[in-house]
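J.: Line order of the protein sequences matches chains A and B. Count the first sequence with our numbering and you get residues 1 to 110, in order. Count the second sequence with our numbering and you get residues 111 to 701, in order.
Read the hints as simulated data drawn from the structure, not as lab findings. Glycine included, every Cβ here is placed at the ideal spot set by N, Cα and C. Do not rely on the hints blindly, as some may be mistaken.
One-sided excerpt, in silico: chain B residues whose CB lies under 8 Å from chain A [as the list claims (entries may be wrong)]:
hint: 1; residue: F187
hint: 2; residue: A217
hint: 3; residue: L259
hint: 4; residue: R264
hint: 5; residue: P266
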Amino acid sequence: MIEVPSTAADAAGEVAQHLQEPRAWLVVFGDGALAQFADGMAGGPVRRVLLAPDTDAVRAAVASCAGAFDARSRAVAIHPRSGRVVDQLLPGEPMDEVRLLTLFAAMDTP
Amino acid sequence: VRRLFAATGALAVLATAHSAGAQRDTILTYSEVTRSGAVHPIEGRTRAVDVNSTIRIGVDREALRRVTGAASLPQHFTDDVATLTQALAGAGEAVTAMAAAERAYAANPTEPNRIALLDALSVLGPRALAIARLAPEGSPFRAQLNWALRAAGRDPVAQYTAVFNTAAEYVNTLQQDAESFAAQNGVRVRMGAWIVGDQGSREVHLPGFDTVQTQAPNVLPTFQILLTADQVTQLRALGDQARTLRTQTGATPLADVTDVRDRLRAVAAEGLQCVDSVRGKLAAFQAQGQPVKEATDSLLAAWRTLRARYAGGATPAADLATTGPADAAAAWNAAQAWLTAVDALQKRTATSTEAAVNDARTSLLGCAGQVRTRAAGDLAPLVSSFASQAARRLATESLEFSDRVLALDVAQVPEQTELALVTAGPRSPGDQVAFRMSLVDAHKQERVVASQSYAVERAEPFIHLTVAMVWAHRDPPKDASGQPRGNEWHPAPGYSILAKRFLGGGRLARRYPLYGEVLNPGIGLNLSAPDFNLDDTPEFAAGVVLSVFRDYVQAGYSYNFQRSQWFPFIGIRLPLPSATLPVSENTTPSS
């Protein structure tokens with residue numbers, strides 16, 4: 001299920017609040033098409049896709065909750081147990097079902 | 111899920127190890143692991159292994175590749191198969207468990223159920239990642255996975271099932287590619303192992319190379335101090351024979367049967383003298399004597415070789431092992447040829463009235479009797495024993511692979527395998543264990559690239575018991591007139607508890623199989639039942655004994671407790687002087 005913060009102004013706070021939930025989150029920064037594609041494979045009760053505004057404040061909020069990641073990342077995968085970034089999608093990386101599966105599989109990996 | 115299980119099983123023969131070792135000159139390297147866990151590297155001088163050990167065989171796949179040339183599957187094929195094999199092992203059960211955990215959490219989203227679901231997912235994630243790494247962008251496998259994932263939809267259970275099923279199909283494809291490659295270009299590697307004994311050869315299991323079944327563990331005993339039923343029977347028979355021999359005045363203790371060297375030396379010393387002496391008389395037969403003259407020259411040459419090599423009894427065991435069989439066979443063959451020629455000459459000249467011819471014929475026939483005795487009594491048992499060993503060695507050259515030996519691509523060849531002799535079925539000291547690795551091309555032509563055989567011996571320390579006739583050397587009792595009753599050699603039944611392969615004997619047995627097969631020394635305790643005063647009541651004696659030549663010859667110093675008398679003795683495993691040497695090892699209780 002795709003989650004979309006209500007307003008850009010409150011996005012950082014909402015993203016931070018979302019990430020406190022014990023779920024496997026794939027945070028997609030401002031790419032609606034990518035978020036829709038990912039949501040198409042994010043089934044089951046523990047996998048969620050969060051479409052977050054691609055702003056410095058939001059990226060800082062994600063970093064403060066989930067740890068460091070590449071500032072250029074198009075998306076980051078956050079582990080449901082540790083709450084840390086375990087994989088990220090960088091610019092130029094091909095996006096297909098296998099790549100998305102690896103993002104989810106990284107969140108499923110202990 | 112069922113397909114996953116089937117695919118996983120089919121992969122068993124493809125599982126391989128990674129990385130090639132450093133370059134070496136030999137493809138196969140061997141080491142021996144004893145039952146106590148000691149590792150003995152098998153080097154160039156090693157000729158035998160212990161009968162209860164495990165032989166580890168290392169395969170240098172790089173050396174094997176060099177031998178096969180370029181016609182083998184690339185290394186990444188092996189790596190891919192290994193990774194997929196590992197990822198798919200147990201994947202079916204993991205998907206089933208994850209589906210159950212997901213249903214439980216969906217129905218009741220409690221924290222314990224969430225943790226259980228994460229646990230179930232955590233088994234699948236790493237497997238999927240490992241598989242995905244084998245599907246680079248643009249590869250056919252990647253395209254297959256993408257297609258399967260699109261079809262699977264959002265459900266993680268369906269996604270993982272799709273990934274694993276696609277991977278299983280990919281493995282099948284790789285397998286077919288390998289078969290096709292081998293059929294068109296490649297060579298296959300086959301390696302087998304055999305136990306070769308008197309009864310022929312038997313294929314034994316090498317993990318990773320064949321489907322030969324192992325057999326129930328069978329450890330040859332290393333600590334035998336109780337008489338077997340057969341040995342009890344032998345002991346009783348020896349007692350009867352000793353009693354009989356005591357009644358024969360002048361009975362001698364097998365004076366000419368001492369050891370192998372002495373047999374050969376005796377043949378040379380006594381036989382040679384007789385043959386040499388009659389050679390000068392052959393001129394009396396003129397032309398008729400020519401065949402005998404030629405046979406005599408051959409016989410003299412063969413027996414002079416014996417004299418040169420074995421005179422003095424100082425021939426090392428290694429030389430005995432090397433030259434003994436050929437020398438004994440040559441001497442035996444020369445003796446038989448000579449006797450045949452003498453018989454023919456004797457028939458041709460039987461009616462001669464010439465004194466010189468008759469004199470020569472008489473000398474010749476007398477010598478022929480000696481030669482025949484030497485040949486039958488001394489040479490024949492040796493030739494028989496040596497020939498048995500030679501037959502076992504020769505048999506290793508004609509071993510053939512059965513259809514239970516797998517034909518593997520070079521990349522599929524395990525880097526290590528082992529032969530556990532204790533699960534290799536029946537075997538006896540003196541058998542051979544043989545290994546052979548061959549390349550088979552697309553036209554079924556076979557080329558041997560490595561072969562080796564080792565004698566299977568008792569190379570580790572062991573204790574066993576053997577029955578022997580003891581000939582005690584003592585002053586005979588005197589009768590009423592003061593005359594000795596019998597001679598100074600007194601026969602008595604006895605047996606020896608012998609320790610063998612101690613004090614470096616194991617190393618010698620590994621390097622020189624005939625050390626164990628022929629010399630086979632031991633030291634221990636001898637117990638006997640002499641009757642020094644000839645009152646037909648056995649006495650008890652115990653002493654130290656040394657044993658050589660598979661216990662056929664023993665000697666020691668013992669103490670008669672009833673008579674309070676020390677005495678030296680020699681022990682003969684043969685119950686009678688005319689008995690021949692059996693070719694089976696005496697250390698194994700027959701049953």
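J.: Quick check on A217(B) please, does its C-beta sit within 8 Å of some C-beta on chain A?
T.: 10 Å, violated
J.: Against chain A, with CB atoms and a cut of 8 Å, does the hint on P266(B) hold up?
T.: Holds - the Cβ of P266(B) comes within 8 Å of chain A, reaching about 5 Å at its closest.
J.: Min Cβ distance, F187(B) to chain A: is it shorter than 8 Å?
T.: 21 Å, violated
J.: With a cut-off of 8 Å, does the beta carbon of R264(B) approach a beta carbon of chain A closely enough for the hint to hold?
T.: 3 Å, holds
J.: Can we keep the L259(B) interface hint, with Cβ of chain A closer than 8 Å?
T.: OK, holds: L259(B) within 8 Å of chain A, min 4 Å.
Hints 1, 2 from the list above are not met by this structure, while the remaining hints are.
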